[in-house]
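Quick mapping for you: the protein sequence lines, in order, are chains A and B.
One point on numbering: in the working numbering, the residue at position 362 of the first sequence is 362, and numbering is uninterrupted.
Counting the second sequence from 1 gives a position; the working numbering is that position plus 566.
Since the hints were derived computationally from the structure, they do not count as laboratory data.
Treat the hints loosely; a few may be bogus.
Where chain A lies over chain B, by a calculated footprint (3+ residues, C-beta under 8 Å) [what the hints assert, rightly or not]:
| # | region |
| --- | --- |
| 1 | 620 to 628 |
| 2 | 661 to 672 |
Partner residues are not named here, just some residues of chain A that face chain B (Cβ under 10 Å, in silico) [claimed, not checked]:
| # | residue |
| --- | --- |
| 3 | M301 |
| 4 | A457 |
| 5 | A459 |
| 6 | A464 |
| 7 | L476 |
| 8 | A478 |
Where is the CB? At the ideal position from N, CA and C, for every residue including glycine.
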Amino acid sequence: MARARSPSWRGIAGDPALLGAVAAIWCLLLLLVLFPLAHLLERAFVDEGRPTLAPLLDSLADPGHRAAFVNSLILAASVGVLGTAVGFLFALAAVRAGLGRRWLTVLDAAVLLPLVSPPFTTSISIIFSFGPRGLISHHLLGLTGVSAYGFWSTAIAETLTYFPIAYLTLRPILAAIDPNLEEMAFSLGGSRWRTFRTVTLPLCVPGFANAFLLLFAASLADFATPLILAGNAFPVLPTQAYLQITGLFDFKGGAVLSLLLLVPAVMVFLLQRHWVGRRTYVTVTGKVGQRSRSQAIAPWMQVVLVAACVAVATIIVYFYALLLVASLVAAFGADYSFTWRHYAVIFTEGLPAIRDTLIIAALGMPLGGLYGVLVGYLIARRDFPGRRAMELVAMINYALPGTIVGIAYLIAFNDPPIALTGGALLIVACYVFRYSPTGIRATVALLQQIDRSIEEASASLGAASGETFRRVTLPLIAPAFFAGLGVVFIRSMTAISATIFLVSISWTLITVRILENMTEMALGPAAAFSVFVIVVVFVVVAGLSAVLARLRTPTAGAAARSFLGG
Amino acid sequence: MPPVDIRLERIAKRFDHAVKGEVYAVREVSLAVAPGELLTLLGPSGCGKSTTLRMIAGFEQPDEGAILIGGRDVTRMLPNRRGIGFVFQNYALFPHLSVFENVAYGLRVQGRDEKTIVRSVEAVLDLVGLVHYGRQQPHQLSGGEQQRVALARAVVFEPQVLLFDEPLSNLDAKLRVEMREQIRALQKRVGITTVYVTHDQEEAMAISDRIAVMDKGSVVQEGTADELYYRPQSEFVARFIGRTNLVEARVVAADAVEVAGVPIAYAADVGVGTVVRLVVRPEMVELHAAAAGEPGVARVVQRTFLGERTDYQVALGGITLQVAASDQHRRSPFEIGQPVDLRFHAAGIHRLD
């Protein structure tokens, strides 16, 4: 296939709108992505103007830090394996167990709940259940002196939180495997198990690798769960970096620790992008033939599969019910009398955090949506020098663990010339540049579905490029805009790993207040805050879904799904 | 508005090819389309016909040469200034707009008032037979209906020039015939200068005033369908348009040549003894049963009954000739292996230079 000649500087110079947009985006990326990262690297590797590896070597020599590094990898690998397994179980049940539409909806809802929740929900519920005065450990089993902290509780909490990512990755892959293929193997005389082992599983291998890497990265970057559950016995890198900075005010040490996190994170990112990201055995032909109900799984096995999924879903629902109950009783574990007191607390002394969070989310939402659509459009549709570089740089803050981004922002913007720390602006910027890449991807994916001839048709009918963008392109990528907007809103309500470094007396966040409540053992208000966040997110997501449904463009459905995929 | 002419003056377009390096998609193409004429660019895929069309529209910029529409140089002009109606292969309807709004698009961009828009759109929807379809969404329409919307959208704002890029290739065979007649009728009625791109020679012959055959980025022959069919100037054109027997013949007399040892009455206008190449269309050969007991000059080797005609392959000396026999009223087809005599119609034989 012939390719048009490479983009010229002359081309971009002749189009002032394009030039302006590209220049503006690059200014923002330089200031809010590259500048902080450079600052972080400089803080870690430059001492009195000279490059040095001494801080890194010192940090590695510290047995505590080495343990944190190893623990992080062990935890991430465990969550990767466990989460992929659970996700596969759910995907298999959804695709091959012959469930009805209603059952699937219930399953989907239970699976997606963790993705829209603040990061502590599972952790809080685990403490409620298995803590010293936990519902299960104390009240049900009568155990005393149990500890809910450590590797296992952290790994399980993260698995329950992140397995939906594996589910969302594996389900379309399984669904795209033609049941005829399995039936063919089956008809050739293989047993069901043999067919599963020799046909279905091998076809899923790229999906497994992808899901594992995504979960590995998510666990590696997870800050909230280990902060609550890991305890002193099981330190991991993100929490250690946080304690180094907030406890010891050691910016340099925090920077170095966060960079230790960078090495596996970057490796996983590159692996995922270049190895698995482009590899899939499943070809989409567009021809949907007779989809006979698959016989690839024996009826009794289907029952086992569904039972296992229902069990996991029940645990999730139980955790959320527990949270709701905890927010409505005086003191969970001791006094189960009904009270609104915790809600009274969060709407009085907790009100500033709620107000700040909503303001920040409301500011970040449109900005993130616009930024995602604009960058996605530039990347997918326009030719200009440095396009690939822009695509890559725009993804950096998304791919990096939040701890790194937070510490980089803290270091870069704490002092003049650009002192922004403690302000709402920096928190908004952090969210926009960290979570808009979902919108960018959604926009690119949408535009790839829209043939260029549609824009050419508009041009041939007399519309200039700006008018074409307004009348044709914009309406068609509106679903991506709303999806990007939704993701930025959800994350603004629920994220903590980066922004915990950026809050101040004047601007704070609900998630940070939940963390404070947890450390003060004020579990009631923490539960009430969590319920509040879940309800708000749910309402906004439902609202946006309704908007998407009304857009009536053929591309809206796909965008709606990308809400949660980020 | 009187129709305008289009002139392409030695236009060329290069591409960077991943393997072959710089290649010419179009090289030195010069064409003139008369006002009101329908010219078809015909050729196999990759011959540069679509690229040429897209340069006329302004979607691609020629690396060399000039494009003139109505005498005005538009080579560097943006597509939206050229006043061109373009009909795309994939229709390119705006998926978020109704049929009415799709057709109204060009008028809205021009800022016409609502009354004019409604009147024009309804008139043109009537013209293409979609008068009650205004509120439908594109995805609710069949392929043929979508194509008619695309056509309506391209003509409603009265462009100077109409361009078609393989508009019928996504339709089934029957609809294709119907649509090309509609397009032709509409083009005649509006009298608009039109360039039409297709790889289907039958479609080209049915729809065009004139055809330009393209191969490897160049125009190899221009002319009416009749000229191209009966007087192709190259083997490529002879083979691309219609079915062809391309045979070598030796001139044996001023008015006779010999094909595989069989004499044919044909004045080749070259010296006796010269070997020439002749284009013999299958329907220009007549089969006759050889007299009883005679071996005949040729032998039937294959027969294909196609309803309106029967195709034969006959062995003549060392070569195989295709013969199309339309005399079905005889109802007594030749049998495979049957010896036959051949009669050639000299008027349908053409010598390649």
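The hints, checked one at a time:
Counting residues of the region 620 to 628 of chain B whose CB lies closer than 8 Å to any CB of chain A gives 3, so the stated coverage by that chain holds, three being the minimum. Counting residues of the region 661 to 672 of chain B whose C-beta sits closer than 8 Å to any C-beta of chain A gives 4, which meets the bar of three, so the coverage hint holds. At a threshold of 10 Å, the smallest CB-CB gap from M301(A) to chain B is about 40 Å, leaving the interface hint violated. At a threshold of 10 Å, the smallest CB-CB gap from A457(A) to chain B is about 4 Å, leaving the interface hint in force.
Given the 10 Å rule on beta carbons, the hint for A459(A) holds: about 4 Å separates it from the nearest Cβ of chain B. Residue-level restraint check for A464(A) holds (minimum Cβ-Cβ distance to chain B is 5 Å; threshold 10 Å). The closest approach between the C-beta of L476(A) and any C-beta of chain B is roughly 6 Å, which is under the 10 Å cut-off, so the hint is satisfied. Look at A478(A): its Cβ gets to within about 8 Å of chain B, closer than 10 Å, so that hint holds up.
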